[in-house]
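Taken in sequence, the protein lines are chains A and B. Number 74 in the working numbering belongs to position 74 of the first sequence; there are no gaps in the numbering. Number 84 in the working numbering belongs to position 84 of the second sequence; there are no gaps in the numbering.
Warning: the hint list may mix true and false statements.
[Unchecked claim] A few chain A residues that don't get close to chain B, going by computed Cβ distances all over 10 angstroms: (1) 77; (2) 431; (3) 475; (4) 520; (5) 647.
[As the list claims (entries may be wrong)] Pulled a few chain B residues facing chain A out of the computed Cβ check, cut under 10 angstroms: (6) 9; (7) 10; (8) 14; (9) 22; (10) 23; (11) 24; (12) 25; (13) 30; (14) 73; (15) 87; (16) 93; (17) 96.
Simulated from the structure, these hints should not be mistaken for lab results. Note that beta-carbon positions come from the ideal geometry of N, C-alpha and C, so glycine has one too.
Here is what each chain is made of, one letter per residue.
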Amino acid sequence: MYDYLWLIPIMPLIGCIINGLLGKKFIKNEKVIGVIATGAVFMSFLLSVKYFFQLLGDPVKTHEQVVMSWISVGNLQIDWGFLFDPLSALMLLVVTGVGSLIHLYSIGYMHGDPGYYRFFSYMNLFVFAMLMLVTGNNALVMFIGWEGVGLCSYLLIGFYIDKKSAGDAAKKAFVVNRIGDFGFLLGLFLVFWTLGSEHGVWTLNFVELAEHGHLLGFGGTAVTIATLCFFLGATGKSAQIPLYTWLPDAMEGPTPVSALIHAATMVTAGVYMIGRMNVLFAMSPTTMMTVAIIGALTAIFAASIGFAQNDIKRVLAYSTVSQLGYMFIAMGVGAFTAGIFHLMTHAFFKACLFLCSGSVIHAMHHALHHAHLDDDAQDMRNMGGLRKKMPITFITFAISCVAIAGVPGLSAFFSKDEILWWAFGSTRGSWYVWAIGAIAAGMTAFYMFRCLYMTFFGKQKTNAKAKDHIHESPLSMTIPLMVLGFLALVGGYIGIPAVLGGANHIHHFLEPVFGHAQEAYHIGIKETLHHSHALEYGLMAVSIGVGFFGILVATFMYMMNPDLPGKFTKAFPKFHRAVFNKWYVDEIYDALVVNPTKSFGTFCWKGFDVKVIDGIVNGLAKLIGLISAGLRHTQTGLFHNYALAMVFGMVVMVAIFVLR
Amino acid sequence: MISVYHYMTVAAILFTIGTYGVLTRRNAIVIFMSIELMLNSVNLTFIAMSRHLNNMDGQIFVFFVMTVAAAEAAVGLGLMIAFYRNRESIDVEDINLLKW
């Protein structure tokens, strides 16, 4: 029934190979390259849609497809296999759907770039890796995708190879991700070994893990340590405290990359991973609590940094970190469905926001270039009043802004509210997680509207020479904006909670994946709160109120009294500087981790490698040289000496033989 | 009566003379001749012992030694001629290209 499942990830791989091998020398034409890349992802999308609807009408919800055996050693049996269930079906739709829109957008955005073919080749490779990640039927195939997306992230952050800052950001992202990957692998080994040696279940297959995971025992040490290791992996990939610092720097890459990799798909891999291993996580309340608290702290911490950033992409980057924090809150309190739901809506509105910012930067860049100015095209202080110049970009940006702020009726309202309700009412939740989440929601509304006002409203602050050259972007860029804006508007309607009279389709759709663990380990809304609709309405009202408060403050500060932010900065200079410099986290990491590691590395190089290792090797060679310099004097080249030595030797041998 | 000891003594004297020649002479041909002398002293020992022990093995060995000596002499003389063509000499002191 799902015979061609393997085609979904292979399509982008084919696109990647064609463009990567032939793009530079043979195809050359930008249009053809763009169409091949976009088409490859779009075909995957069509196939995903077909299978998605097939799954909707299918009574069996979990389908495995093994393509071939990969590793077969003793007890270890690993296949190249795909898993198609509601969770991966949804992820496939998001990845291929948003992916094809962003590819389409890139055709216009990357126009004229000398690395055009390289860009699309990397993008396709990324989609391939991401699809392997979400469809793999065992943890090792997932790990291939996990590493693959990390590699593509590295390649695309460092896409502008002539910029040193881009290269540095790419390296930072890669190294920080490695730390997380290390945790992921350790967790994998621990689960595999414990399940195998103690319970005789040697498996990395997700279906079998879900089936036999309970053998590890509820709250057991092994499962707690393993899931904490997995979570370390998730913090690396999904930019949570303490490993979030790479994501804001990753904005050095082209904007479509930020939209696809660093907002919509790759950074949600950690959330997906926890969802995929929900049985293991559900068994460790300690880990779940850690996940929820780290998520909450990240949500509020990143939001606070977003207050003072002037680079439009950095604001969005911190917003992404903060929203990912929400998803981890959801995962931590057992609201797996809500987490995946927010992942999906976030993919829509954040991709839209990033693409809008890309559209603005594109326009700004061209205008500034035209006027021969080298002002920063990403600095919001150079923008302002763009809503008349770029109406489509403005409208879609505004819709997404309203959506992320949690205004009722738009997508993020439903997902965010579901998360907050669970944070408060779940058996694994607590009021302080809810409180932090609600405050962060208000902060989100504030900085997003600050961003909106600074970019699109008020006086136009662009240099007068460049002002009139700002135009709306071409159609290939605005169509994805409109589609994503529309999805940001209505995407939430698949998950209207029951209390608002909705059917919560997504909840029922994902039930087969999460329901089992939730039931087995008593994760759900507390019994006492089950019927208190008043409380649910109340909490909803609070979060709506906080959101509107954030919007009002932003309106007051940036629309009505544009001088106010400046005065505020002057009144609290130290505070502002700390926020502006991201709470000096990078500096602290540099001092605590990076520099000691660097000096240790220098020591290993100059102290250990050069002196000890090379010393031993060169010393041995020198010793042999000295010995042979002495010994070679015996090689006189005189026949008589050799003959004498031979006779002498014979005499000695005979003497030994005779006298023995 | 000439006993096997006399043969042994003659062979030992011949062998020592041969060894002395190999060690002291510089002319390659003479060294060759000295080596032949050593081989023949050994042959003499073989024959004498063969007779003394009533065992024919020693005599068979002598045939082999003679054959090998003839072959070796042919190869050795060939080498000498080749060397002479290059260095206009057959003095072993001049064969020293491989020294350090």
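Consistency of the hints with the structure:
Listed as outside the interface, residue 77 (chain A) is consistent with that label: its C-beta sits roughly 62 angstroms from the nearest C-beta of chain B, beyond the 10 angstroms cut-off. For residue 431 (chain A), the requirement that its beta carbon stay farther than 10 angstroms from each beta carbon of chain B is met, with the minimum near 89 angstroms. For residue 475 (chain A), the non-interface assignment is confirmed: its Cβ lies about 83 angstroms from the closest Cβ of chain B, beyond the 10 angstroms cut-off. Here residue 520 (chain A) stays apart from chain B, with its beta-carbon at least about 83 angstroms from theirs, past the 10 angstroms limit.
A cut-off of 10 angstroms between C-beta atoms contradicts the statement that residue 647 (chain A) is not in contact with chain B; the least separation is 6 angstroms. A hinted interface residue such as residue 9 (chain B) counts as satisfied when its beta carbon comes closer than 10 angstroms to some beta carbon of chain A; here the least separation is about 17 angstroms, so the hint is violated. Restraint check, residue 10 (chain B) versus chain A: the minimum CB separation of about 19 angstroms is more than 10 angstroms; hint violated. With 10 angstroms as the threshold, the beta carbon of residue 14 (chain B) stays out of range of chain A, its nearest partner Cβ sitting at about 15 angstroms, so the hint is violated.
With a cut of 10 angstroms, the hint placing residue 22 (chain B) at the interface with chain A holds, because the nearest CB-to-CB distance is about 5 angstroms. With 10 angstroms as the threshold, the beta carbon of residue 23 (chain B) comes within range of chain A, its nearest partner Cβ sitting at about 6 angstroms, so the hint holds. Hint status for residue 24 (chain B) relative to chain A: holds, with the closest Cβ pair at about 8 angstroms, below 10 angstroms. Taking 10 angstroms as the C-beta cut-off, the interface hint given for residue 25 (chain B) holds, the closest approach to chain A being about 9 angstroms.
The interface hint given for residue 30 (chain B) is broken, as the beta carbon of that residue sits about 12 angstroms from the closest beta carbon of chain A, more than 10 angstroms. Below 10 angstroms, beta-carbon pairs count as interface contacts, and residue 73 (chain B) has none with chain A, the closest being about 17 angstroms; its hint is therefore violated. Interface restraint check for residue 87 (chain B): the shortest CB-CB distance to chain A comes to about 13 angstroms, outside 10 angstroms, so the restraint is violated. With 10 angstroms as the threshold, the beta carbon of residue 93 (chain B) comes within range of chain A, its nearest partner Cβ sitting at about 7 angstroms, so the hint holds.
Contact between residue 96 (chain B) and chain A, as hinted, is supported at the beta carbon level, the nearest pair being about 3 angstroms apart and thus within 10 angstroms.
Hint violations for this structure: numbers 5, 6, 7, 8, 13, 14 and 15, all remaining hints satisfied.
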